[in-house]
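K.L.:
Now for the letters of each chain:
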Amino acid sequence: MNRDDSKIVAFCCEHSAYQAANKAGRMRLHYPDNVRIIRVPCAGRVDVQHILKAFEKGAAGVLVMGCQEGACQHLTGNTRARERVKYTDSLLKEVGIDGSRVRMVNLGPDMGQQFVAEVKEMAEKIEGEMRR
Amino acid sequence: MIIAERKPLEEIKNMLSGYKEILVVGCRTCVTICWAGGEKEVGILSSQLKLASSREGNELSILEATVERQCEKEMVIEELRDKVQEVEAILSMGCGVGVQTIAEIFEEKPVFPALNTTFIGMPEAEGVWVEKCGACGDCMLYWTGGICPVVRCAKGLLNGPCGGTRRGGKCEVDPEKDCAWVLIYRRLEKQGRLDLMERYYEPKNYRAVKRPGRIEAATA
Amino acid sequence: MAIPFREALKTKDFIVTAEAAPVKGANTEKMQEHIELLKDRVDALNVTDNQSSVMRYPSLGTCLLIKEHGGEPILQITCRDRNRLAIQADLLFAFSRGISNVLCLTGDSIDVGDHKEAKPVFDLDSVQLIHLVHTLNSGKDMAGNELDGGVDFCIGASATPSADPIEPQLVKFRKKLNSGVDFIQTQAVYDLEELKRCMEHAHKVDRKVKVLAGIVLLVGAKMAAFMNENVPGIFVPEYLIDELAQAPKGTGLSKGIEIAGRLITQIREEKICDGVHIMAIGREERVPEILEAAGL
Chain F
1 MNRDDSKIVA
11 FCCEHSAYQA
21 ANKAGRMRLH
31 YPDNVRIIRV
41 PCAGRVDVQH
51 ILKAFEKGAA
61 GVLVMGCQEG
71 ACQHLTGNTR
81 ARERVKYTDS
91 LLKEVGIDGS
101 RVRMVNLGPD
111 MGQQFVAEVK
121 EMAEKIEGEM
131 RR
Chain V
1 MIIAERKPLE
11 EIKNMLSGYK
21 EILVVGCRTC
31 VTICWAGGEK
41 EVGILSSQLK
51 LASSREGNEL
61 SILEATVERQ
71 CEKEMVIEEL
81 RDKVQEVEAI
91 LSMGCGVGVQ
101 TIAEIFEEKP
111 VFPALNTTFI
121 GMPEAEGVWV
131 EKCGACGDCM
141 LYWTGGICPV
151 VRCAKGLLNG
161 PCGGTRRGGK
171 CEVDPEKDCA
181 WVLIYRRLEK
191 QGRLDLMERY
201 YEPKNYRAVK
211 RPGRIEAATA
Chain Y
1 MAIPFREALK
11 TKDFIVTAEA
21 APVKGANTEK
31 MQEHIELLKD
41 RVDALNVTDN
51 QSSVMRYPSL
61 GTCLLIKEHG
71 GEPILQITCR
81 DRNRLAIQAD
91 LLFAFSRGIS
101 NVLCLTGDSI
111 DVGDHKEAKP
121 VFDLDSVQLI
131 HLVHTLNSGK
141 DMAGNELDGG
151 VDFCIGASAT
161 PSADPIEPQL
171 VKFRKKLNSG
181 VDFIQTQAVY
191 DLEELKRCME
201 HAHKVDRKVK
211 VLAGIVLLVG
221 AKMAAFMNEN
231 VPGIFVPEYL
241 IDELAQAPKG
251 TGLSKGIEIA
261 GRLITQIREE
271 KICDGVHIMA
281 IGREERVPEI
291 LEAAGL
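Chains as they are written, first to last, in the working numbering: chain F, 1 to 132; chain V, 1 to 220; chain Y, 1 to 296.
Just so you know, the hints here were simulated from the structure itself, not pulled from any lab data.
Every value quoted in this text rests on a predicted model; they were computed, and no experiment measured them.
In this text, a Cβ means the ideal position worked out from N, Cα and C, and glycines have one as well.
Where hints are given, some of them may not hold.
The calculated label-pair distances, taken between Cβ atoms and stated as ranges, are [unchecked claim]: (1) LYS86(F) - MET140(V): 51 to 57 Å; (2) LYS73(V) - ASP33(F): 34 to 40 Å; (3) LEU29(F) - LYS40(V): 35 to 41 Å; (4) GLU117(Y) - LYS132(V): 48 to 54 Å; (5) TYR239(Y) - TYR200(V): 36 to 42 Å; (6) GLU7(Y) - ASN116(V): 55 to 61 Å.
Please work from the sequences and hints to get the whole structure.
P.N.:
This is how it looks when you write it as structure tokens:
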């Protein structure tokens with residue numbers, strides 16, 4: 001990662017979320033610019049260590065975005081991703097990073113607005129907690 | 001195989017308090033299989049420790065390594081000899097044997113256990129490991145249909161069951177666990193060897209292995 | 001002055017034993033009151049041994065008090081807290097002080113008690129303990145050494161008539177009987193058919209053994225349900241829990257005494273077994289009422 005000011009890392013499955021992000025761009029929908037999008041062949045490719053490394057390198061929130069239930073091209077990639085996100089959340093809690101700073105999101109490839117909504121929600125959560 | 005699980009993070013952090021440069025060492029054998037101390041777990045724990053220490057305003061520099069088997073001196077020396085020079089302390093993610101092997105070889109470096117070694121067992125299902133053997137040194141599995149009463153009966157009875165068996169053949173101590181003697185009865189029944197269960201078993205020789213145990217091969 | 005229990009076993013038509021529960025502490029006052037109240041009303045008084053793995057005044061100590069008061073004690077020994085050395089030593093001491101009845105038990109698990117981090121011993125199990133007493137009775141210790149001063153214990157064991165599955169328990173029961181016991185005190189019995197079956201099994205192996213049915217005083221529906229869940233070896237049937245639940249408020253205890261009396265009467269009239277062992281846990285002072293309710 002070389003965007004030092006990226007506060008949010010979004011791992012985006014190329015079959016769904018990555019396309020949704022592109023659509024958001026084409027629709028000129030605005031979302032916070034400190035988001036780093038990382039394209040992955042499937043949400044199931046994202047491992048626990050990838051998420052932890054993102055936090056080590058300064059991320060304040062991580063989104064793992066994959067296909068909707070039943071739509072995964074690799075059948076169970078999104079389900080496994082959800083389990084891993086849950087596990088990573090518990091590892092982060094152990095470290096004192098509480099409050100669901102890692103989140104699993106299921107999207108379809110044309111859901112540009114939802115993509116933006118998820119990113120904004122994470123950004124607001126981070127900002128809200130930083131202000132406290 | 002040896003089953004272990006990681007200590008709570010707080011406990012590990014307390015052990016490391018005051019140390020700034022550490023080596024976290026995993027093992028590719030038993031603790032990899034029970035998801036406690038393999039290469040992956042080394043990576044995860046190192047990340048957690050780095051995140052925790054930077055949140056507390058401390059700097060923790062971590063080297064990572066994984067040994068094929070932490071209980072083999074040659075392998076430990078081979079893998080760790082150089083890295084050990086660069087650190088103040090070693091956090092072993094091996095079982096108790098691994099921790100002690102490393103400690104014996106690199107005597108001047110403090111070595112800490114990141115795991116609690118729990119029992120000798122096997123994976124019963126994905127992510128579920130159960131105790132099977134108590135290393136009693138006097139195996140009686142011939143008599144009990146291949147089910148160990150020493151360690152799978154919560155009271156280690158040789159003439160079981162006790163009167164506390166719960167409904168459905170569950171153990172008095174833990175309703176989730178099966179009464180080993182009910183299991184033994186059913187197994188022997190399947191094999192038509194229930195006569196073995198009617199037998200009186202004499203008190204166990206608890207000194208079959210004089211601890212600390214030591215075995216020397218006849219041809220060494 | 002009570003007659004020796006082993007004589008009562010041989011000569012009495014219907015044998016009655018009860019329990020004196022030790023105190024958690026060194027104040028033996030209440031125990032001594034219970035002993036005085038019960039010693040002449042029953043053929044022998046059992047003393048539990050860290051019952052339910054809760055640390056208490058030792059069984060051996062309470063048995064001595066019973067002797068001092070002129071009663072007949074039954075020493076309960078479990079395998080949970082003592083190894084074979086300690087058990088043999090305790091038995092030598094007990095006999096030397098006139099205690100000659102022993103109930104050989106495995107013992108509840110540490111987990112159900114109040115010292116949950118203690119190391120469980122279980123060097124022996126109840127069957128091995130029965131063999132151990134026979135060995136001492138023969139004038140030797142477990143290692144084969146001759147004893148200077150022998151012992152002669154009357155040996156008892158427990159049985160669990162209601163268990164599911166029952167077959168493994170029956171194997172255990174046969175083993176105990178084959179090891180040679182003078183009396184059996186069962187865990188709480190509520191289903192008399194099960195008790196009858198238990199007797200049939202007992203007599204197949206040993207016609208001479210005396211079986212005493214365990215009667216636990218129920219004091220209310222909640223307590224009965226609690227025991228079902230938490231006390232090893234006890235199963236209270238639904239219909240009794242209902243009967244207790246329907247009793248008017250504040251009469252749970254009387255209802256419990258009535259139920260106990262009823263059970264004992266039926267056992268005696270139908271000659272189902274050789275007697276009863278009354279466990280009024282925490283309510284030893286009610287035992288006389290139970291005996292009365294049973295027409296004893």
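K.L.:
Each hint needs a verdict: does it hold in this structure or not?
P.N.:
Taking the hints in turn, this is what the structure says about them:
Against the hinted window of 51 to 57 Å, the Cβ-Cβ separation of LYS86(F) and MET140(V) comes to about 43 Å, which falls outside the hint. Between LYS73(V) and ASP33(F), the C-beta spacing of about 55 Å breaks the proposed range 34 to 40 Å. For LEU29(F) and LYS40(V), the Cβ-Cβ distance of about 38 Å falls inside the hinted range of 35 to 41 Å, so the restraint holds. As the Cβ distance of GLU117(Y) to LYS132(V) is approximately 24 Å, the hint placing it in 48 to 54 Å is violated.
Roughly 39 Å separates the CB atoms of TYR239(Y) and TYR200(V), a value that falls within the hinted 36 to 42 Å. A C-beta distance of roughly 56 Å is found between GLU7(Y) and ASN116(V), which places it inside the suggested range of 55 to 61 Å.
Violation of the numbered hints given earlier is confined to hints 1, 2 and 4; the remaining hints are satisfied by the structure.
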